[in-house]
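For reference, the chains in residue letters:
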Amino acid sequence: MATFDVTDSDFAEKVLKSPTPVLVDFWAPWCGPCKLAEPVLDELSEEHKDKLTVVKLNVDENQKSASDYDVMSIPTTILFKEGSEVDRQIGFAGRQAYEDLIKMGI
Amino acid sequence: MNDIINFASKPREGDPWEVAIIGSGPASFTAAIYTTRGAASTLILGGEKWGGQLMLTTTVDNFPGFPEGVQGPDLMQKMKAQAERFGAEFVAKNVEAVDFDKKPFEILAGGVKYLAKSIIIATGADTKWLGVPGEKELIGRGVSSCAPCDAPFFKGKRVAVVGGGDSAMEEALTLTKYTDDVTIIHRRDEFRASVAMQKRVTENSKIKILWNTEVTEIIGKDRVEKLILKNNKDGSSSELPVDGVFVAVGHVPSTQVFAGKIEMDEKGYVVVKDSAAVNTHEGVFVAGDVHDWHYGQAVTAAGFGCMAGIEALRFLDKPAPSW
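The listed protein sequences derive, respectively, from chains A and B.
Just so we're aligned, residue 1 is where the first sequence starts under full-length UniProt numbering, counting upward by one.
Just so we're aligned, residue 1 is where the second sequence starts under full-length UniProt numbering, counting upward by one.
No wet-lab data here; the hints were simulated from the structure.
Treat the hints with care, since some could be wrong.
Not everything, but these chain A residues come out facing chain B in the computed CB check (under 8 angstroms) [to be verified]:
id, residue
1, 19
2, 30
3, 32
4, 33
5, 35
6, 68
7, 71
8, 72
9, 73
10, 76
11, 94
12, 95
13, 104
Calculated lysine to aspartate or glutamate pairs in the EDC-like style (CA-CA distance at most 16 angstroms, straight line) [as the list claims (entries may be wrong)]:
id, chain 1, residue 1, chain 2, residue 2
14, A, 35, B, 74
15, B, 155, A, 70
16, B, 177, A, 60
17, B, 128, B, 214
18, A, 64, A, 99
19, B, 221, A, 70
20, B, 155, A, 60
21, B, 93, A, 43
22, B, 157, A, 13
23, A, 81, A, 13
Each residue gets a CB set at the ideal place from its N, CA and C atoms; glycine is no exception.
Could you build the full structure based on these sequences and the hints that come with them?
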């Protein structure tokens with residue numbers, strides 16, 4: 001499944017109440033490393049589509065969620081399972097770092 | 001988008017690339033523009049974190065041809081598109097090992113072995129961190145090397161920038177768009193930044209400057225809370241409560257994968273002979289911040305890339321383009 005966007009208003013429904021683990025990419029259009037992360041997350045979303053949902057949250061437009069989860073650097077990618085954070089990857093460190101994070105939840 | 005103008009066809013399976021370029025900043029893409037236009041098959045092993053230091057910037061005002069400035073990440077995407085337009089193959093994998101003693105040369109990237117008749121090393125330089133206690137643990141939790149990425153999270157908060165060069169000035173100025181409380185901490189009593197950048201900083205009332213001061217520790221549990229400072233003139237210690245600290249004290253060349261294989265100086269910069277070649281292996285060239293400890297600009301990196309590209313074409317006995 002392709003990635004899709006979540007917002008402050010549907011964060012609870014799409015992420016916290018999701019029956020499957022959700023990887024949330026906190027990003028913004030002006031962030032260079034976020035652009036590098038995007039195609040990698042798209043690929044991982046496709047590869048793990050049966051077990052995992054990958055979503056994107058624009059921190060400019062959704063400051064509440066970013067602040068709720070203490071995001072202070074982007075890209076930050078947080079894995080949620082059953083409504084709570086499992087772990088996070090701060091910064092874009094390449095594909096393996098995301099795979100290691102995903103393994104913690106599926 | 002212009003059509004692909006394929007000057008440089010790809011080698012048949014099992015045959016070596018004529019040029020393999022390691023890295024993906026301005027030096028790498030400029031080299032690729034020249035080698036492809038010289039009809040040399042060109043592979044760019046760009047790394048997963050491709051694009052180099054300009055990916056961590058906002059507006060670049062000193063790259064010629066952009067009178068209104070250009071966004072660093074946009075400039076890099078354009079350079080990549082330009083190299084690909086002439087037939088360069090771009091692979092976003094990290095190089096894991098090189099063997100320059102084999103002919104053709106061998107490179108292992110993402111678990112795949114690539115062969116090349118010539119190589120251009122353009123791996124650039126990475127952020128140099130302070131190396132003080134607390135720093136590593138708090139990266140992304142208030143410690144940052146990328147103000148353009150992270151400044152918006154410090155709206156109305158107290159932040160410090162460590163460094164005295166152009167990039168420290170840029171980080172501080174970027175931060176003033178979000179907060180009125182920016183302190184530059186610099187270990188000397190003058191900046192080495194350009195006059196233009198210094199002027200913008202000293203005229204900005206939101207920026208305070210602590211001269212002759214070094215950070216000795218970063219304190220914080222889940223996020224940065226304060227810095228321990230030491231005045232290197234009188235030896236006095238002090239604390240500065242901050243929510244964020246942006247590190248801009250320079251760069252270290254990215255040459256770990258070449259350790260022991262080519263000649264480097266004591267800081268890890270590749271030693272260059274005859275403008276663009278390495279000392280040790282014929283057919284291995286070098287360009288940009290990986291050898292240039294002096295200028296470190298996007299435009300000089302591009303210039304060095306051009307030189308290395310032309311030298312690689314000469315080595316391959318191909319006529320260099322554009323003259």
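Hints versus structure:
The criterion of a C-beta within 8 angstroms of any C-beta in chain B is not met by residue 19 of chain A, whose closest approach is roughly 29 angstroms, and the hint is violated. This hint holds: residue 30 of chain A has a C-beta 7 angstroms from the nearest C-beta of chain B, less than the 8 angstroms allowed. For residue 32 of chain A, the interface hint holds, the least distance from its beta-carbon to any beta-carbon of chain B being 3 angstroms, beneath 8 angstroms. With a cut of 8 angstroms, the hint placing residue 33 of chain A at the interface with chain B holds, because the nearest CB-to-CB distance is about 6 angstroms.
At its closest, the beta carbon of residue 35 of chain A sits 6 angstroms from a beta carbon of chain B; the interface hint therefore holds under the 8 angstroms criterion. The beta carbon of residue 68 of chain A is not positioned within 8 angstroms of any beta carbon in chain B (closest approach about 13 angstroms), and the interface hint is therefore violated. Interface hint at residue 71 of chain A: satisfied, since its Cβ lies 7 angstroms from the closest Cβ of chain B, which is below the 8 angstroms cut-off. At about 5 angstroms, the closest approach between the beta carbon of residue 72 of chain A and any beta carbon in chain B falls short of 8 angstroms, and the interface hint on this residue holds.
With a least beta-carbon distance of about 4 angstroms to chain B, the hint placing residue 73 of chain A at the interface is held under the 8 angstroms criterion. The criterion of a C-beta within 8 angstroms of any C-beta in chain B is met by residue 76 of chain A, whose closest approach is roughly 7 angstroms, and the hint holds. The closest approach between the C-beta of residue 94 of chain A and any C-beta of chain B is roughly 4 angstroms, which is under the 8 angstroms cut-off, so the hint is satisfied. Given hint, residue 95 of chain A at the interface with chain B, holds; its Cβ is 6 angstroms from that chain's nearest Cβ, closer than 8 angstroms.
Given the 8 angstroms rule on beta carbons, the hint for residue 104 of chain A is violated: about 18 angstroms separates it from the nearest Cβ of chain B. Simply put, residue 35 of chain A and residue 74 of chain B have alpha-carbon atoms about 10 angstroms apart, close enough for the 16 angstroms limit, and the pair holds. With a CA separation close to 13 angstroms, the supplied pair residue 155 of chain B and residue 70 of chain A stays within the 16 angstroms bound. Distance restraint check for residue 177 of chain B and residue 60 of chain A: the Cα-Cα separation of roughly 14 angstroms lies within the 16 angstroms cut-off, and the hinted pair is therefore satisfied.
Annotation: proposed proximity of residue 128 of chain B to residue 214 of chain B holds, straight-line Cα distance about 15 angstroms (limit 16 angstroms). Between the alpha carbons of residue 64 of chain A and residue 99 of chain A the distance comes to roughly 27 angstroms, so the proposed pair goes past 16 angstroms and is violated. A distance of roughly 13 angstroms separates the Cα atoms of residue 221 of chain B and residue 70 of chain A; the hinted pair therefore holds under the 16 angstroms criterion. For a cut-off of 16 angstroms, the pair hint linking residue 155 of chain B to residue 60 of chain A stands: about 12 angstroms separates their Cα positions.
Simply put, residue 93 of chain B and residue 43 of chain A have alpha-carbon atoms about 15 angstroms apart, close enough for the 16 angstroms limit, and the pair holds. Proposed proximity of residue 157 of chain B and residue 13 of chain A is contradicted: the alpha carbons are some 31 angstroms apart, above 16 angstroms. For the suggested pair residue 81 of chain A and residue 13 of chain A, the alpha carbons sit about 13 angstroms apart, so the restraint of at most 16 angstroms is met.
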